[in-house]
Amino acid sequence: MSAPVLAKPQLRGLLAKCLQFYIITAFILSLGCATMYNFGVAEPRKKAYQNFYRRYGAVKDFEEMNQAGVFQYGKP
Amino acid sequence: MPYPMQLGFQDATSPIMEELTYFHDHTLMIVFLISSLVLYVIILMLTTKLTHTSTMDAQEVETIWTILPAVILVLIALPSLRILYMMDEIYNPYLTVKAMGHQWYWSYEYTDYEDLTFDSYMVPTQDLSPGQFPLLEVDNRLVLPMELPIRMLISSEDVLHAWTVPSLGLKADAIPGRLNQATLTSTRPGVYYGQCSEICGSNHSFMPIVLEMTTLKYFEKWSSMMQS
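If you read the protein sequences in the order shown, they are chains G and A. Take the position in the first sequence, starting the count at 1, then add 295; the result is the number in my numbering. Take the position in the second sequence, starting the count at 1, then add 46; the result is the number in my numbering.
No lab work stands behind these hints: they were computed from the structure. Where a beta carbon is used, it is the ideal one built from N, C-alpha and C, also for glycine.
Listed next, the in silico DSS-like pairs over lysine-lysine satisfying Cα-Cα at most 27 Å (straight line):
| # | chain 1 | residue 1 | chain 2 | residue 2 |
| --- | --- | --- | --- | --- |
| 1 | A | Lys217 | A | Lys144 |
| 2 | A | Lys95 | G | Lys303 |
| 3 | G | Lys355 | A | Lys263 |
| 4 | G | Lys342 | G | Lys355 |
| 5 | A | Lys267 | G | Lys355 |
| 6 | A | Lys263 | A | Lys144 |
| 7 | G | Lys341 | A | Lys217 |
| 8 | G | Lys355 | G | Lys341 |
| 9 | G | Lys312 | A | Lys95 |
| 10 | A | Lys144 | A | Lys267 |
Which chain A residues face chain G? A few, computed with CB under 10 Å, are given here:
| # | residue |
| --- | --- |
| 11 | Glu64 |
| 12 | Tyr68 |
| 13 | Leu85 |
| 14 | His98 |
| 15 | Met192 |
| 16 | Lys267 |
The whole structure should be built from the sequences, with the hints applied where relevant.
Next comes the structure, spelled out in structure tokens:
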């Protein structure tokens, strides 16, 4: 009578098998972090500066600050 | 100017500082990319169920982690050099102002047309008016016209100092016997603060710099008033 035979377990290539999944996850994670920072912080900051200067009037801003007494010698 | 719990740079007041802010965003993005990758690898190493820890042949991964950092460094270096050369462009300045460091105050000289020289001492905390900022205000501010390139020549009469205005992206050492040049262009009017950035003795923290960027008309009236 022969005993039932178990399937041979995988003995080699265990790390390589895991790495297939881990490498893809690592790429997605790291590129995802970079993309989130780029589109969450960097691009909005550039847009904010562009929008600010699109309609900015420096002389008008100066007059308002002068009236408010920001400058040392007041209204000249 | 700085505010409590601030994390990033002050708002940029010059085109160069804007470029530096964007470059910092670019570099920090790369830092987060690398840090998240390394953190993930550490977590994997700490939670693995695999037990074989002897040295293994790893030619492929060695190649990757030699080439990839070199590529990343090039991606950082190219924008950095671009801004570095941009900062050294000569823009035909309209005005030249000398900033001389002393222990422990700054003196400013406008000598293009007439001789105008004055000292700029910190206002002691007990003498501040309501609304003024401690350790940042001075008795005589450096008044300059906005939206025009200005050459700053920075030096020192005694020990090393450094003339700094963070929102304009300016920092230059004040070295006795040497003139350091910085070009200043402000896109907005206002009052901008900085502090001495090179240790220079007991009152190193008490010699601030205050710039008033104004219209050309106000600047001309101010300089006539200062000379009279």
